[in-house]
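S.K.: Each chain, letter by letter, is given below.
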Amino acid sequence: MNVADFDTPELHEYPLIPKLKEGVMAHSKPYVAKPQFQEALGFPGELVDNWEEKALEKLDDLRGRYRSLQVYLDSCVKCGACTDKCHYYLGTSDPKNMPVARQDLLRQVYRRYRTFAGKYFPKLVGAKDLTRDVLDDWYSYFHQCSQCRRCSVYCPYGIDTAEISMAAREIMDSIGVGQKYCNEIIGKAGTIGNNLGLPEPALADTLEGLEEEVEEDTGVPVKFPLDQKGAEILLVTPSADFFAEPHVDGLIGYAKVFHEAGVSWTMSSYASEAANFGMFIGSYENMRDLSMRVRKAALDLGVKRIVFGECGHAWRVAYSFLNTLAGPFDFLDPNYPVPQHICEFTYDLIQKNKLKFDKSENDHMTLTFHDSCNVARASRMGDKPGGQFDIPRAIIRAVCNNYVDMPADYIKEATFCCGGGGGLLTDDLMELRVKGAQPRMEAYKRVVDDNGVTNVAAICAICKSQFTKVLPYYGFGMTDIVSVHQLVSEALILSDAPSDEEDEATETESEA
Amino acid sequence: MSALSVTYAILFYAATLLLVVGLVRKIALYARTPAPLKIPTTPAPVSRSGVVMRMVHEVVLFTSLFKATKWTWLFGWLFHLGLLLVLLRHLRYFQADTWFWVDLIQPFGKYASFAMIIGLLGLFARRIFVDRVRYISSPSDYLMLLLLIAIGVSGMMMTFVAHTDIVMVKAFFLGLLRFTIEPLPGDAFLLVHLTLVALLMIIFPISKLLHAPGVFFSPSRNQVDNPREKRHLAPWAAELEK
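Line order of the protein sequences matches chains L and A. Counting in the numbering used here, the first sequence runs from 1057 upward without gaps. Counting in the numbering used here, the second sequence runs from 9 upward without gaps.
Hints listed in this document are in silico derivations from the structure and should not be mistaken for laboratory results. Hints may contain errors.
Some chain L residues near chain A, calculated using beta-carbon distances under 8 angstroms [said to hold, decoys possible]:
hint, residue
1, R1121
2, C1211
3, P1393
4, Q1444
From a predicted model like this one, the values you see are computed outputs, not experimental measurements. Note that beta-carbon positions come from the ideal geometry of N, C-alpha and C, so glycine has one too.
Just need the whole structure built from these sequences, with the hints factored in.
M.R.: Next comes the structure, spelled out in structure tokens:
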């Protein structure tokens, strides 16, 4: 185990920028992927002999394919605007977690071998040879970036560290040093259809259980259809929604909304995963392979629309990349966006007054909303810029009476990552996850202390899992985290539910 | 024709050539390299005109930097604004008959040099005193600021302390434009100023000054947020579909 003992960072009343502590997170590394998982994705099984040369070749290849990488390697002026923006730097104090310093781990090599100044005056411009130490730094620190893009908001040139860390991870994969967590998951999603490796019978069984549970609870036969040909809507949702808490409560919420809307819908056992870990390792090809599953499922089932469940990076891939990777989607109904977010779907119904809520069902909670990083800074909902901020909030306000935003500097486009995104949601990175959550926890504590907030709602499977794990480290309850559609589910009045009188009648009968 | 004039004529021809060729090559590289995925940092404009507005705000007001750190924004903006006015003022050395507005801004251009120097000193101070910025600085980051400060100060010396014969300077540069070599005054401040300017022109395309063209090619800023409405496919990605 490389999990060291560590102290949970303190939460301050006002955020502090920590003093630099060099190298304190150098030990933080995820497990390395085994050869069989590497090879399954088309990467070498282990570190190749001429890895320095191969790494530079891959760097050149990526520079030729991605304008972002080439421009971002050249344009940084070291102004320092990003230095205090990364939650991992704020939580760990390690200077290599400052976005510019993280980028420089790759940039110093680019400079040394591919620029005039770096070739002839390496010391002057901070260029470095590609050595084993540099590779070790890459492995440590490019796996301490959740690709949340907060730094890109503040960079005067829009330099996005996510682009650099994706490239670095792809270079490492291409020389045989992959990350176990991501690559095993991509393998599972690519063969079985979801990150958890749940086969069709297990899914069917789970969904059947949910149907029974909901019917028992509400008296309404809400369906959770799987592989139903000819359904209007294909729902693609993170596989955590099938069983993890509070994710599954969100799934129940989607099902109730579909039920109430009176639309036919289905999930697919072939494409039973919304998340696309191909993005985390920067691999266009792997990201495309996983996206093609959604296309195939939509075609095979003959659906007219595709709706995505609550998941952050998944929504980025769906919103921004799906049309590119797996399109065109001209076989779907052009009256709806492809794909659509479940929040957009629910919001439309609320706008049209088609859903009835009893807000008091959520009165035991005072809520705040955690903008998930990739929804906030890498996607949109609705047709206006910023819809990704307004729509989830509008839904929460429609279904509950007590809502408070966290301080303005820590929400919307300035939101802090939960600390577990980008392929870091693995136990071997627990120290990093806890420390990286510090800024988010600090903002949460502000509204807990000042406004009596009791729960935080999120629309990302990773955020939900990460919060469940890290909230207790900071003295909060692990169940403080709720799904937005869990709130919808609680408050939604199903129009075909048996009335209270009928309920009482049955009770009386049974008593008699 | 003195050796001095010939030396500086050659220096400026060479510096101009390196600057132009270097920049054109880089810009061509940026323009040719595909951006295969839509990656605007959202909330982003949903139309081309919105993107133009976003870029204008970025380039003129340094909007993102303003959100990030007020001190860096203040010094950075002062420096760039000062530099712009000073450069515009220098147009008069390259025109036989100056445009009226170039005459008009002369006094502003003169005093803008103070803004420029204050900005540069502020940025230099941040590099030394803020531990985070010190950590990320290489020798070249300090040298670049020193170079700009030296160019500014040597120029200000000629404006405010020891005047040089600007009629001769103008004749020299107009001469260069017509490929003839006119005499250049031998004043120390002028020669220092011109040498450093030529040096700056030479290192521009191989240094971090590439942020100037780079900002216009940054996909997170210059892309329209319309991936659901319009399919965006790079040529190499289209190959995968075959």
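S.K.: Hint by hint, say whether it matches the structure.
M.R.: Okay, the hints, checked on the actual structure:
Hint on R1121/L holds. Least Cβ distance to chain A is approximately 6 angstroms, under the 8 angstroms limit. With a least beta-carbon distance of about 6 angstroms to chain A, the hint placing C1211/L at the interface is held under the 8 angstroms criterion. Satisfaction of the interface hint for P1393/L is found here, the shortest Cβ-Cβ separation to chain A being roughly 5 angstroms, below the 8 angstroms cut-off. Interface hint status for Q1444/L: upheld, as the beta-carbon distance to the closest one in chain A is roughly 7 angstroms, under 8 angstroms.
The earlier numbered hints are all upheld by this structure, with none contradicted.
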